[in-house]
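Engineer: If you read the protein sequences in the order shown, they are chains E, L and C. Just add 1155 to the spot in the first sequence (first one is 1) and you have our numbering. Just add 14 to the spot in the second sequence (first one is 1) and you have our numbering. Just add 836 to the spot in the third sequence (first one is 1) and you have our numbering.
These aren't lab readings, by the way, just hints derived from the structure by calculation. Any given hint could be a false lead.
Below are the DSSO-like pairs computed for lysine-lysine, each with C-alpha atoms no more than 27 Å apart in a straight line [what the hints assert, rightly or not]:
#1 E/1267 <-> L/300
#2 L/201 <-> L/213
#3 C/1232 <-> L/300
#4 L/58 <-> L/83
#5 L/58 <-> C/906
#6 L/364 <-> C/999
#7 L/300 <-> C/881
#8 C/1258 <-> L/58
Only part of the chain C face toward chain L is listed, based on derived beta-carbon distances under 8 Å [stated by the list, open to error]:
#9 908
#10 911
#11 913
#12 1234
#13 1237
#14 1251
#15 1253
#16 1254
#17 1260
#18 1263
#19 1264
#20 1268
#21 1269
Simulated coverage check for chain E against chain L, where a stretch passes if three residues somewhere in it have a Cβ under 8 Å from a Cβ of chain L [to be verified]:
#22 1201–1213
#23 1352–1358
#24 1365–1374
Every value quoted in this text rests on a predicted model; they were computed, and no experiment measured them. By construction, the Cβ of each residue, glycine as well, lies at the ideal position given by its N, Cα and C atoms.
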Amino acid sequence: MLNIKNLEAKVDNKHILNGLNLDIKPGEVHAIMGPNGSGKSTLANVLSGKNGYETKGEIKYNGENLSELSTEERAQKGIFLAFQYPLEIPGVNTNVFLRTSLNSVRKARGEKELDTLNFLKIVKEKSSELGIDEKFLSRQLNVGFSGGEKKKNEILQMKILQPKLSILDETDSGLDIDALRIVADGVNSYKNKENAFLIITHYQRLLDYIKPDFIHVLSKGKIVKTGNADLGVELEKTGYANFI
Amino acid sequence: MKNFYDFKVDNIIGLSSKEKEFRNKELDLFDKNGFPNKREEAWKFTDLNTILSKNFTNITNDYISLKEKKFELIKEFDHNYLFVLDGKLVSNEFKFEDKNKVSIKEYDYEKQTFVRNQNSLNLLNNALASGGYSLEISKNYKFRKPLVVYNHFSESIKEQIISYKNSLILNENSEIKILNYTDTNSKNNFFVNSFDCFKLKKDSSLKNIFINKNRCNCYFHNYQKSDLEHNTTLDNYILSTGLKFNKMDIEINLNEEHAKSSVFSALSLSSDEHQEIKSSLNHNSKNCQSYQKIKNVLNDQSRGVYQGKIFVKQEAQKTDAYQLSKALLLNDNAEFDAKPELEIYADDVKCSHGSTSGSIDLDSIHYLKSRGIPEKKAYQMLINGFLSEILEKLPEDNLKKFLIEKLGR
Amino acid sequence: MKTEDLKNSKEYKYGFTTDIENIRAPKGLNEETIKFISNIKKEPKWMLDWRLKAYNRLKVLKEPDWQKPKYPKINYQDLYYYSAPKSSSEKPKSLDDIDPKILETYKKLGIPLDEQKRLNGIAVDAVFDSVSVATTFKDELTKKGIIFCSISEAIQKHPDLVKKYLGSVIPLSDHYFATLNSAVFTDGSFVYIPPNTRCPMELSTYFRINASETGQFERTLIIADKGSYVSYLEGCTAPMRDENQLHAANVELIALDDAEIKYSTVQNWYPGDENGRGGIYNFVTKRGACRGKNSKISWTQVETGSAITWKYPSCILQGDNSVGEFYSIAITNNHQKADTGTKMIHLGKNTKSKIISKGISAGKADNMYRGLVQIKNKASNSRNYTQCDSLLMGNKCGAHTIPYIKNNNSTSTIEHEATTTKINEEQLYYCNQRGLDQEEAVSLIVNGFCKEVLQQLPMEFAVEAQKLVAISLEGSVG
């Protein structure tokens, strides 16, 4: 599904990624761990097509060259990024945003746009799964949301948009135990043979709930070690020092 | 320099000799400096003289208004109306109201209100005004439906100035919502210089909305002078866009305790539109409140100007005054200028202002795009979101719906 | 600060006069006066020509009248334009040559000129009335190639630098008072920091008006060459006199590529008595040009003195990535009036500016922030942040804020915030409850209000400034 070859990325002339390789197949859950500044968020931003990065190397998504696609085209083709810091957008109603977003994605897939009634049905169902109060959806997008609410809102968007590749950028940071469990359940319930996940995290904590197939250690813009779920436990004990 | 205008008091018919004398004096005062330029503090950011001299060859005041003509009523919501053609009151209808409680007349220039201040266009209005209306609402009468003032301008006006004064008196405990609806699709250039005088008696309330139906090529200047008594409320909503030039100069005097006033504006400007709001919120008595929120979206070569002043007199303790202007610049040829001013002589007050101007937040755009929303749509969503805060404050559901749709054009 | 200290300092403590013989130019503003000044300073012809050009320009200029504090018309023909202590008609070669009375004066002001006694390493240029009387630490600075001397000396010894930069930031015919200064300036400081040099100590000028009926017109020129850094301090005092005295200085700063200039002022000119009699008219033009890329100019001012303060230390941000800052405290009490602020003109790309202004008004005083932030359409990705806070103490004073904001670039952001409040009763109560008396409490709270600005000052000045803040507000809270 995703094949990254020798990816380099620069921002303001600073090298962040230095020849990163990664292959993700449908149904797999990959976790990327690494210390601060190792390039984890940069990888997420480059995959979602954020401006301001100078890149070299190859990123193929279902055989298509990703760098030729705009952010919204990538989203429409099923790449979803749960932001580390979801933005507050005053004046934009959360429901209106969700509907616009879902209909853009549906349109791109050649599906019919949803009317208000059908849309609300979907939202109602998905938000109750995540324990999100409906009132919350009539508020302005992320404005005045707590850290946990913002992260839950990201997972809600994922479940509504039904992406193929979901990238979770430190979705666990700032969550208490209960919220963490809800987020993890949200992810687990969406996991199936066709979808893949790329989970970026600092800690083993989230991986106790979402079992990864592979764990990669990122250091100085490169993957320096790959292992199975046990690697995370080992990292938790020994720290990153042994790998970098 | 050769003048690009030629104004004569004699062009106005039916003036008493006393009136003529007064008007000629005002015109002389105006002629001394001509149209305002940046030397006038009220026009700090705008050289109107240059703007007009580039767009007019000879402005005169010899326009003779046409006979009554047909106009289109707004169908979306029930309302009363005044039909004002080229500044003159032509017809009115108050079918939703108790007619004994409303008095509507032509403006009486023998008892006119006039101001002479920093803004010299007021002198010109004093000299040339004719037409206009006087509306008075009886004590304890609350309008059931809004009043729409259809300000229609004929297509035959060209290179002319139209000047008039309106007066509105709200007696004790009365209430009205007015939509000032400018309607012209003239391709011609002309100048409208109007003056509104509002008197709000104890416990009365006025909501005053400005919007225009079409884009047009004309130049508008309006001076509003409002005097507020005890426990009154005056809210202005400025939503007019699509005008070549528009300046609203608003003077609100909070003269007695618990008077409240606000100025809201949501403007989205494009091409070479120029919109200017100047406000003076004068807190002359204690325990009054004022609130101003101005939002501009500026595209192409458009220009937005906001000069807002909060003045607090020594005796106006416990004043609560707030002012915020925000602008989104979408093009390097667009410009936003602001002068948020505080002049405060009382110490037990809460006064603040803020002003920001800048680009649209690109991280927010990225966020929307990452959810599959196309770039153009993402911009539109953010712009609408930016303006929606003001539109949400509009009164009356049907009226609000109408206005929001109108602005979405 | 202790209550006793406050009580002792109720009076303006710098109000004494020094009884000293002066050499003066004849009264009046005319070509003869200008020639007299130029002659006594043994100036080259180009300098005199420059002054006369300014004088000719002055004849057609009008005094500005848009400012808020109005003042009685100044009779420019009734002023002395040059006054110098007789003993220093020849610039003293060493401290031994300085009139002991002047040394004594500076000692009383807390500015000992004696280098041995000076441990904290601040080089001082002392300006007494119209002339620079002493510059300390000269040798040490010379070793690094730093030039720190009076402007008169610079005109003689470094004419190329002076010719190149004098009037390059404040043009000859900029406005009435700046032009007046260009015609009749008497002395001031000159600083040149060579490339890639960090000035090892704070440079400082101490201005003292002593003579009566005398206008003071200093001229300061600071050039920071590529990659250099300098921090410069300025202090001012004057004796108590019934008359109003005019102080119209010009300060020009030039920062080339990667250079930084930090300019701090503690202005404590005589403010006049509590009935508004006497005091200095402080009409000063200060402007800095961030000419090079990545350059930075930072103004910090604590304005507590003067009957009228009228100044706008400004930055012209020409170089890409250049930075301008303005930190200001203006305190007015009794009948004092201040109309001050800054201009930040963004011309280069990625330029940044920051304005923090704290105005405090007490008694019957008027305090005004007036400023301009302008981002021109080529200055992409530029930013300004402005915060203006006013504090009113009592109900007979005024606080005004007039910012002019012009944004002409779609990638640039201007943010402005302003508040006006009175001193917080709850905070006062809290302090009282902890045993502080009213004046101590006010001093504490006001210093807190000013903290962001005070912390910009170099250590030695910060302590001084904090005391000054407290003293300036004495008797303003009941």
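Engineer: Now tell me, hint by hint, if it's right for this structure.
Structural biologist: Now for the hints, and whether the structure bears them out:
no., hint, result
1, E/1267 <-> L/300, "violated (60 Å)"
2, L/201 <-> L/213, "violated (35 Å)"
3, C/1232 <-> L/300, "holds (15 Å)"
4, L/58 <-> L/83, "violated (40 Å)"
5, L/58 <-> C/906, "holds (21 Å)"
6, L/364 <-> C/999, "violated (51 Å)"
7, L/300 <-> C/881, "violated (64 Å)"
8, C/1258 <-> L/58, "violated (30 Å)"
9, 908, "violated (23 Å)"
10, 911, "violated (27 Å)"
11, 913, "violated (29 Å)"
12, 1234, "holds (5 Å)"
13, 1237, "holds (4 Å)"
14, 1251, "holds (5 Å)"
15, 1253, "holds (5 Å)"
16, 1254, "holds (5 Å)"
17, 1260, "violated (11 Å)"
18, 1263, "violated (15 Å)"
19, 1264, "violated (13 Å)"
20, 1268, "violated (19 Å)"
21, 1269, "violated (21 Å)"
22, 1201–1213, "holds (count 4)"
23, 1352–1358, "violated (count 0)"
24, 1365–1374, "violated (count 0)"
Consistency note: the structure conflicts with the earlier hints numbered 1, 2, 4, 6, 7, 8, 9, 10, 11, 17, 18, 19, 20, 21, 23 and 24.
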